[in-house]
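> Make a model of the complete structure from these sequences and hints.
Each chain is listed here by its residues.
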Amino acid sequence: MAKLRAQLAGGDQPDHWEAQLRKGALEMAALACLWQGRLYGLEIIRFLETHSSLVLAEGTIYPILTRLKAEGLLTSEWVEAEAGHPRKYYSLTEAGRQRLRLMAEAWTSFSGGLSRLLEPVLAQKENYQ
Amino acid sequence: MTTEMQIDSYLTTLRTHLGPLTIGEREEIVREIAAHVRDSAEESGASVETVLARLGPADELAAQYRDGLLIRQASRSISPLKLLRATLRLATKGVSGVVVFFLAIFGYLMGGGLVLTGLIKPIFPANTGVWFNDERFVSSGTLFPAPAPPAHEVLGMWYIPLALTVGSLALLFTTWAIRTSLRISQRWQARL
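So the protein sequences, as listed, match chains H and X. The first sequence begins at -9 in this note's numbering and counts up by one. The second sequence begins at 18 in this note's numbering and counts up by one.
The set of hints was computed from the structure by calculation and includes no laboratory data. Where is the CB? At the ideal position from N, CA and C, for every residue including glycine. It is possible that part of the hints are untrue.
Said to hold, decoys possible - Quick list of in silico lysine to any residue cross-link-like pairs, SDA-like style, CA-CA up to 25 angstroms:
#1 H:K13 - X:A108
#2 H:K78 - X:M22
#3 H:K78 - X:R43
#4 H:K78 - X:E77
#5 H:K59 - H:H6
#6 H:K78 - X:E21
#7 H:K59 - H:T40
#8 H:K78 - X:I40
#9 H:K59 - X:Q203
#10 H:K13 - X:E77
#11 H:K59 - X:L87
#12 X:K110 - H:H6
#13 H:K59 - X:R83
#14 H:K59 - X:L28
Stated by the list, open to error - Beyond 10 angstroms from chain X on every Cβ pair, some chain H residues (computed):
#15 A94
#16 A96
#17 A113
Unchecked claim - Far from chain X, some chain H residues (derived; all Cβ distances over 10 angstroms):
#18 S81
#19 T83
#20 E109
Next comes the structure, spelled out in structure tokens:
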């Protein structure tokens, strides 16, 4: 019960809310990394770190990639590398490209609308400082 | 412990905790994680300890794969047992999971109960039905003893098709609702 109550209370904290937001975007972010070509897991992690502010526990990405593959959005292939061991490369399927396009459109219109809504909030904060 | 031993021990723990997966799936995961550890250590010059710490504990990593599989399989299944098991797993992770679990139990009990009484009606016709006293609802279902007069049963044999239809619809709706919740929940399982 105590745990339940803690989680209910956690719902009001901004950092909990932000974590939910990041989790929701993670699937789209992972797909977006692969838009320009195939990458292996570690490359996807580094791509997310450099191209977005999404820093995650490194283990997290692998189960997500497995799920996206099971859903038919990704395919994978093992490629021999100079490193001496093969690497598992992921690429978008046609269904994955389609899904990502829809997600990108929805995301852009959603965040654009919210940014307009939030403009006065951020403007006022600057005035006070 | 040498670095090779550290990696081996991590991968062994991972493999052990990936029990429910097929051997093929399990080995593919272990191979991929092994490649990650080598690449990550080489690329950043970080120690194997650091790389393994950044991956998170092996049993937790395995649990993420297992939960993913459990929920994925259940969200395509119609078996109440599989669906309830996945819902129970979800219930350990947050309030919304608990809500889904109790709604699922309620839906199954209601739907299953209605279908069952519909099937029992031909055997105990006098004890199964919907009873009213004038305009006021008294009781419904299969009751021993049946409500005494002035309460009277209003549906007669119509109870059978009605109970079967409404009960089946409740079961279908419950199944659909659980599968939808499971599918949505997959997106929120990630650990940051």
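> Would you mind marking each hint as holding or not holding in the structure?
Results of checking the hints against the structure:
Pair hint K13 (chain H) plus A108 (chain X) holds up; C-alpha atoms about 18 angstroms apart against a cutoff of 25 angstroms. For the suggested pair K78 (chain H) and M22 (chain X), the alpha carbons sit about 23 angstroms apart, so the restraint of at most 25 angstroms is met. With a C-alpha separation of about 14 angstroms, the suggested pair K78 (chain H) and R43 (chain X) falls inside the 25 angstroms cut-off, and the hint holds. Simply put, K78 (chain H) and E77 (chain X) have alpha-carbon atoms about 22 angstroms apart, close enough for the 25 angstroms limit, and the pair holds.
Only pairs whose Cα atoms come within 25 angstroms are accepted, and K59 (chain H) paired with H6 (chain H) is rejected, the gap being roughly 28 angstroms. For the proposed pair K78 (chain H) and E21 (chain X), the alpha carbon gap of about 21 angstroms is at most 25 angstroms, so the pair holds. This hinted pair checks out: K59 (chain H) and T40 (chain H) have alpha carbons roughly 24 angstroms apart, not beyond 25 angstroms. Under the criterion of a C-alpha separation no larger than 25 angstroms, the hint pairing K78 (chain H) with I40 (chain X) is consistent with the structure, at around 18 angstroms.
Proximity of K59 (chain H) to Q203 (chain X) is assessed by CA-CA distance (about 14 angstroms); at most 25 angstroms being required, the pair is judged to hold. Between K13 (chain H) and E77 (chain X) the CA atoms are separated by roughly 17 angstroms; this keeps the pair inside 25 angstroms, and the hint holds. Of the pairs offered as hints, the one joining K59 (chain H) and L87 (chain X) holds, with about 15 angstroms between alpha carbons and a cut-off of 25 angstroms not exceeded. The straight-line distance between the Cα atoms of K110 (chain X) and H6 (chain H) is roughly 14 angstroms, inside the 25 angstroms bound, and the hint therefore holds.
A C-alpha spacing of about 15 angstroms is found between K59 (chain H) and R83 (chain X), which places the hinted pair at or below 25 angstroms, so the restraint holds. Taking the CA atoms of K59 (chain H) and L28 (chain X), the gap is about 22 angstroms. The hint holds against a cut of 25 angstroms. Against chain X, the non-interface label of A94 (chain H) holds: every CB pair exceeds 10 angstroms, the least being about 16 angstroms. Every CB of chain X is more than 10 angstroms from the CB of A96 (chain H) (nearest about 14 angstroms), matching its label as outside the interface.
Non-interface call for A113 (chain H) relative to chain X: holds, since the shortest CB-CB distance, roughly 30 angstroms, exceeds 10 angstroms. Interface exclusion of S81 (chain H) from chain X stands, the closest Cβ pair being 15 angstroms apart, more than 10 angstroms. The Cβ of T83 (chain H) sits about 17 angstroms from the closest Cβ of chain X, beyond the 10 angstroms cut-off, so the non-interface label holds. Against chain X, the non-interface label of E109 (chain H) holds: every CB pair exceeds 10 angstroms, the least being about 28 angstroms.
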